[in-house]
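Colleague: For the sequence shown, the residue numbers in the working numbering are 76 to 602.
In case anyone wonders, no lab produced these hints; they're calculated from the structure. For glycine and all other residues, C-beta sits at the position ideal for the given N, C-alpha and C. It is possible that part of the hints are untrue.
Derived EDC-like pairs (lysine to aspartate or glutamate); straight-line CA-CA distance at most 16 Å [said to hold, decoys possible]: (1) Lys261 - Glu533; (2) Lys224 - Asp537; (3) Lys562 - Asp602; (4) Lys289 - Glu260; (5) Lys353 - Asp334.
Pairwise CB distance ranges (calculated) [stated by the list, open to error]: (6) Gly330 - Thr523: 45 to 53 Å; (7) Leu278 - Glu170: 37 to 45 Å; (8) Lys522 - Asn186: 34 to 42 Å; (9) Thr523 - Pro144: 19 to 27 Å.
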Amino acid sequence: MIIFENNKLKITHSKDVVYLTVASVGTTTLDFNQILSTLPQIKINGFTALQSALQKAENKPIEIGVLRPEIELQVSSDEMSAFVKINLSQEKCVEMERELATKILDLLHENGVCEGIISDALSAPLSPGKKMLVAKGKQPVSGQDAKYKYYAINEKKPTLDTKGKTDHYELNLIDNVKKQDWLGEKLPPIPGEHGYTIYGRALPPKSGRDYTLKYDKNAVELVLEDGKEVLRAKHDGAVLFKDGKITVDNHLHIGGDVDFSTGNIKFDGYVTIEGTVKDKFVVEATKDIEIKGLNGIGAVARIESFEGSIYVRGGVNGKNEAMVIAHKNIFAKFSNEAIFLAGDTIHIGLYTIDSTLKADAIILDPEKGRIIGGEIHAAHKISASSIGNAHERKTKVNVQGFERAQIKMELEATKIKFQEIISKANHLKRQLEIFENNFDTLDTKAKTTYKGMMVNYENIIDDIGRTNQEVSRLEAMLRTRGEGEVKIMKSVFPRTFLEIKSLQKHINKLMKCSFYVKNRELHTAID
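Model the full assembly from the supplied sequences, consistent with the hints where possible.
Modeller: Rendered as structure tokens:
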């Protein structure tokens with residue numbers, strides 16, 4: 076059958092094989108390409124034979140290619156897209172415009188394409204030789220992870236607020252809750268949407284990751300409310316996180332003073348005293364103690380927290396008898412003739428006078444915090460506005476100091492541990508994703524394995540938090556200037572005795588500088 080003919084050549088086909096017969100020379104390759112541009116149905120695969128036929132003009136049929144189908148179908152390897160290409164001339168396309176769309180539909184159905192057919196593409200003008208998208212599958216939509224939140228524990232950071240002539244050293248040390256108070260909640264994961272290929276094969280979505288709320292079942296209950304899991308306190312108490320779980324610990328609330336009407340206090344949990352503690356009385360608690368009376372406390376026998384911190388809003392007038400001991404931190408407006416012993420940090424708002432303080436770090440307000448008399452002992456840092464006074468009150472300040480190289484090694488080891496935990500978490504996360512991607516097909520045993528892995532993953536996440544806190548603690552120590560520092564924002568007065576890492580200095584004149592030890596030498600600095 077003749078496809079094209081002029082006075083020099085003829086193109087024919089038989090059973091989809093294309094032949095070229097050249098009657099006379101004179102047709103160049105460029106000329107022939109121009110002819111082919113009007114015949115998109117021809118695919119040349121015998122270029123050598125084509126060139127030879129044009130040059131020799133032997134006037135006999137030479138096989139040069141094949142005849143493409145009028146409509147070619149191409150399907151992407153992922154079965155998500157189908158394209159057609161019209162192998163007809165522009166004139167032929169116009170002539171067959173109405174029936175081409177039907178032929179394309181028939182071709183799609185013959186090849187099993189049954190989903191995502193784009194009808195708008197078939198109704199648009201069809202152009203020859205161009206690849207056209209006619210069917211598109213739908214990608215699955217991943218499910219959304221469960222959303223959860225817990226009660227936000229207040230940051231234990233005091234503020235010194237001056238209004239007129241009244242100073243308030245404010246801090247909420249204990250987070251109190253009542254029975255049935257909200258402690259947390261979780262919205263369940265939202266299922267994803269299935270997708271499909273153009274052949275109608277279903278594509279399951281990635282499931283949203285679930286999360287198990289972690290709580291102490293003895294103190295917290297889980298209830299369903301409006302389609303979400305809600306944690307509520309089973310009793311009044313102090314909310315905290317213990318072993319990665321939210322719980323409500325015992326909380327003793329005393330509305331007035333600790334005196335003969337209450338006797339000494341010894342309590343396993345948290346203690347809040349709205350008033351004061353009278354002289355000679357003892358308050359002991361395993362957890363945090365807060366004494367909120369504006370008048371503070373006087374010559375108490377002892378206030379001690381075995382595991383937590385202590386806050387005395389009104390300060391301590393100890394009369395050389397009061398002793399305040401905390402496993403973690405002590406917060407007080409002032410200390411006068413008292414003994415403070417803390418495992419972590421002592422925070423004082425206004426002043427300490429003739430007191431003995433011992434802690435890892437002792438921090439006074441940079442604008443108002445004065446150290447006058449007494450003995451101040453810190454492991455790595457003391458910070459205050461001034462030390463001593465104009466009357467040259469004898470004051471002793473001692474910083475034990477630390478080995479920076481050793482702390483750096485500890486920090487590096489902790490960071491390595493942190494990265495190992497992160498890597499372990501990521502590995503377990505990938506394993507969980509494999510389960511989640513195939514969750515609908517898992518048997519009971521596999522689902523149990525998945526739940527166990529999820530609990531393990533959540534514990535690792537908690538371990539990440541703890542290790543990160545340790546990194547922060549060591550980094551904070553390294554932010555101390557030198558290997559031990561006494562930071563003074565304003566003045567240090569005569570008759571102040573400084574000792575940092577066994578290096579001593581007697582202050583004999585008013586100075587306005589800080590002190591630190593580096594390379595076994597005592598240095599000064601202006602802050």
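Colleague: For Lys353 and Asp334, compute the direct alpha-carbon distance and say whether it is at most 16 Å.
Modeller: Satisfied, since the Cα-Cα distance of roughly 6 Å is no more than 16 Å.
Colleague: Are the Cα positions of Lys289 and Glu260 separated by 16 Å at most?
Modeller: holds, 10 Å
Colleague: Does Lys224 pair with Asp537 here, judged by a C-alpha cut-off of 16 Å?
Modeller: holds, 15 Å
Colleague: Take a look at whether the Cβ-Cβ distance between Lys522 and Asn186 falls inside 34 to 42 Å.
Modeller: 39 Å Cβ-Cβ, so the 34 to 42 Å window holds.
Colleague: Return holds or violated for the Cβ distance of Thr523 and Pro144 against the range 19 to 27 Å.
Modeller: violated, 55 Å
Colleague: Okay, Leu278 versus Glu170 on CB: inside 37 to 45 Å?
Modeller: Since Leu278 and Glu170 have Cβ atoms about 40 Å apart, the given range 37 to 45 Å holds.
Colleague: So if I understand the rule, the pair passes when the alpha-carbon distance is 16 Å or less; does Lys562 with Asp602 pass?
Modeller: Answer holds: Lys562 to Asp602 is near 8 Å, not above 16 Å.
Colleague: Please verify whether Lys261 and Glu533 have alpha carbons no more than 16 Å apart.
Modeller: Holds, because 15 Å separates the two Cα atoms, which is no more than 16 Å.
Colleague: Using the Cβ atoms, figure out if Gly330 sits within 45 to 53 Å of Thr523.
Modeller: holds, 50 Å
Hint 9 alone, counting from the list given before, is not met by this structure.
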